[in-house]
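Novice: Chains as they are written, first to last, in the working numbering: chain R, 1 to 249; chain E, 1 to 249; chain L, 1 to 248; chain Y, 1 to 248.
FYI, nobody ran anything at the bench for these hints, they're computed from the structure. Glycine included, every Cβ here is placed at the ideal spot set by N, Cα and C. Careful: at least some of the hints might be erroneous.
Stated by the list, open to error - Covered stretches of chain L, as calculated for chain E (at least 3 residues, CB under 8 Å): (1) 162-170; (2) 193-205; (3) 239-248.
What the hints assert, rightly or not - Rough simulated footprint, nothing fancy, chain E against chain Y, three-plus residues with beta-carbon under 8 Å: (4) 16-26; (5) 59-72; (6) 118-130.
Chain by chain, the residues:
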Amino acid sequence: MIATYTRRELMVVAAGREIRDGEVVFVGMRLPLLGFGLAKATHAPNAVGLFENGVIRDRPAEAFIYTMGDPPNIAGAVACLGLNDVMSLLQQGRVDVGFIGGAEIDPLGNLNTTRTSGSGSLVRLPGSGGGGDIASLAGRTVLIMEHEPRRFRERVDYVTSPGHFPGRRRGGPATLITTLGVFDLTGGRVQAVTLHPGVTPEQVRQATGFELSIDEGIPATMAPSADELAYIRKADPDGFWTGDTMKGG
Amino acid sequence: MIATYTRRELMVVAAGREIRDGEVVFVGMRLPLLGFGLAKATHAPNAVGLFENGVIRDRPAEAFIYTMGDPPNIAGAVACLGLNDVMSLLQQGRVDVGFIGGAEIDPLGNLNTTRTSGSGSLVRLPGSGGGGDIASLAGRTVLIMEHEPRRFRERVDYVTSPGHFPGRRRGGPATLITTLGVFDLTGGRVQAVTLHPGVTPEQVRQATGFELSIDEGIPATMAPSADELAYIRKADPDGFWTGDTMKGG
Amino acid sequence: MAFDQLIAAGTVAKVVAAWVGNVAGGSGYGFRRAYEQGVPRRIVMEDHSNFTVGLALKAAAMGLPYLPTFTGIGGDIVRGHPRIRPVDDPFGGPSLLAVAAVKPDVAIIHVQRADREGNAHLWGNLGLTVEAAFAARRTIVTCEEIVPEEVIRSDPNRTVIPGFLTTAVVEEPGGALPSSVQGYWRRDFEPFLRYHQISRTPDGFQAWLREWVLDLPDRQAYLQHMGDATERLRVRDRRLAAAANFAP
Amino acid sequence: MAFDQLIAAGTVAKVVAAWVGNVAGGSGYGFRRAYEQGVPRRIVMEDHSNFTVGLALKAAAMGLPYLPTFTGIGGDIVRGHPRIRPVDDPFGGPSLLAVAAVKPDVAIIHVQRADREGNAHLWGNLGLTVEAAFAARRTIVTCEEIVPEEVIRSDPNRTVIPGFLTTAVVEEPGGALPSSVQGYWRRDFEPFLRYHQISRTPDGFQAWLREWVLDLPDRQAYLQHMGDATERLRVRDRRLAAAANFAP
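Okay, chain R solo, but in the shape it has when bound (with noise of 0.2 Å):
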């Protein structure tokens, strides 16, 4: 029996497995968060992570939380610390991969949370939080995008996290989970490594507003297995990040 999943879904087990045994994860939260527990509960039972307002955990918060602050993300944590210190472990280098996400991204993985007005007029988003010091820092970074034209553009407007660029310390993007494929940016461009399920290459280029590449023959991304559906329906019961609808924006 083949289950059914949805992109975010799909998007949690490809972060997941993103993830190594051992390593130190910057987490974040929404789908790096579930896919640093599917990890946990699979491949990399001894991977620890780092929130950045201070907390440490080594599993998943025993119930739902809205932000990393929140109660049962702290109640069991191996550690809880300020936010400062889970920079300064971050800055020193402790941090093997890093999660962040965007509203838009140019093929040297430059991310932009910041200002836009790639739709003619100027869109205020969030800002950095995090982003910004996790590109900088971390000994490798996973990006995380709703594949879209207007997000996919040659130069973003703002570059709030940066990606590769010369003299670059260490780290730097190395995989791009979208909604439509996986895609390796180490090679300091855009190129795809799976599609997801049932995306032609044609989908993705016309949903990329810049050059990538995409070989021909090129695999699909795995669809999760039922254990693995299984954890994120636990974790996520509601469907508020993994839903067809993502309620967290």
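Using the hints, position chains E, L and Y against chain R.
Specialist: Coordinates of chains E, L and Y only, in the frame set by chain R:
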């Protein structure tokens, strides 16, 4: 009835009088620690004491302590932070007065606790500890010294705790309390304020390796009251710090 | 959300922040209107990342004019930033950025308990609370409970704000609602969602402002207007910290 | 005292410290002999103040090459110091000093309790413990008790060292004696005094070294040699931290 008392008991009383009510005090060990407790018990009930290991107390420890990290100094403290936290408060300018001891002093209030060749051969002393920081950053400092000619030098071999110097941002030595008297240092030179009962100006001059000014008819340091002595003897029952031979060195 | 409410009410001239929005839905509409259209008034925005805000407060908390960092290099936040400048490593390593201190006039901190002197115990989420209290010229501590001083003294490592930094201490249970307070209150997510929806239009925001601020004469009226929320959100479970012995 | 013992035993090439002595009597004789006469070997001394050591470790803990400070200006510690250099405030304020990071190869931290992953609860005196654990390449946690992970998780704010920074965790009750451990052990002052007296001469130190190190084959023998100290110094009173509820 006149209580008999030791020189060091008198120095504790003099140290306590340097603390004004409501002040934030960088305390230290030995005589200043006792002086802080005495001030709290008498004229400065609202003074707050900071210790360089991170402890903040608004009353003295319940039991005798050898070091500021000893458990009785932590039990009942209002806060126990880290060294850098209280040093940060000091650097912010939140500390009104700090106490420092030294092995050698010069007329500008420079203290040496690092190394000296004053007696001919090189002698290594323990080093700054927090002394250099208090000297640099407190609102004003009170210095505590054995009054001996070899310790009162025209120029100290090494400035561990800076006294007055051109371009000083704030603070500097205000008062010097010795085994012979109490001296004002605010003018960048040593001016006697009181001499301990029975001490003559001549004695002080002979014990001082540089020029200092002692006005004619200089008053005597006010002797400890019976209550003050009672406080000190309760806090230092074996005379560890205040006996005629200060066991603490 | 509080940022957005203050901005939409026209009380804010300048925002220094890494993120302004609503946990329920991303964008803050009040912030967007002020930034994009100058409605109800134009605001100056000083954009930061979380770490640069953290370092700006930490610099002030340490009594320093700035702190160095590697964060933000290569991005636009730090480019031409009024509070961030390039600096050399005096020991010859790679260049860094200097983040200048932010010294708030007032910090308002909500904690679980404090004594009458303002010595404050806080646990759970810390974020930048301690830095803010150390950095500010004046610090107002609001708390769930004012407790006897023995409670604070029983655990000096839990005291994150020493009383001599506290300008005023206010006992105001539920003072952080609809946000959570570990061990005392759960987050009430509905007000975030409702505010997000209603603040979509200026009229909607004005209705919210009347309902939740202007028409409520005092704290008591506010609590009553919350209905059963205080009962519903109160934490009744006990999951106590393991014993820590401070006996000397 | 530990500094002095290691130096007098000839195991130390360089000391980076603000204070080297003995709480019982000021000077450390082993340190003095090494510094003044090169006995048993010459040592390089890098003098600091408490705050410059604290900042050097904090810089490493923050992943920075240096931290700025105002401490020490006008004194000899910072003059020609290999790890301290003048820097300008890039925002035009008064000049400062930059203290370069100290990144220890190993930090050895004694705490009250830790779980098997090395998540460590520490309370009481902190000093620079946390900075050292964050700064070091490897951190060894010794503890009074290895406890079930639930104990640590019951109070995440008490975890000063997250387990992923811990290289090894060792259960060794009394491992900090003759120094104190809040709630577990009182300071034993006599060994400080005795060491201070006996270490006055090189022969005295050698006698101490034989008695307390060379002639004791293992930890068990060491504990036995301490006689009744472990019984005498053990804290039996209970003064527990006030309850803190972490229920979500």
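Novice: Of all the hints given earlier, name the ones this structure violates by number, lowest first.
Specialist: Result: hint 2 breaks, nothing else.
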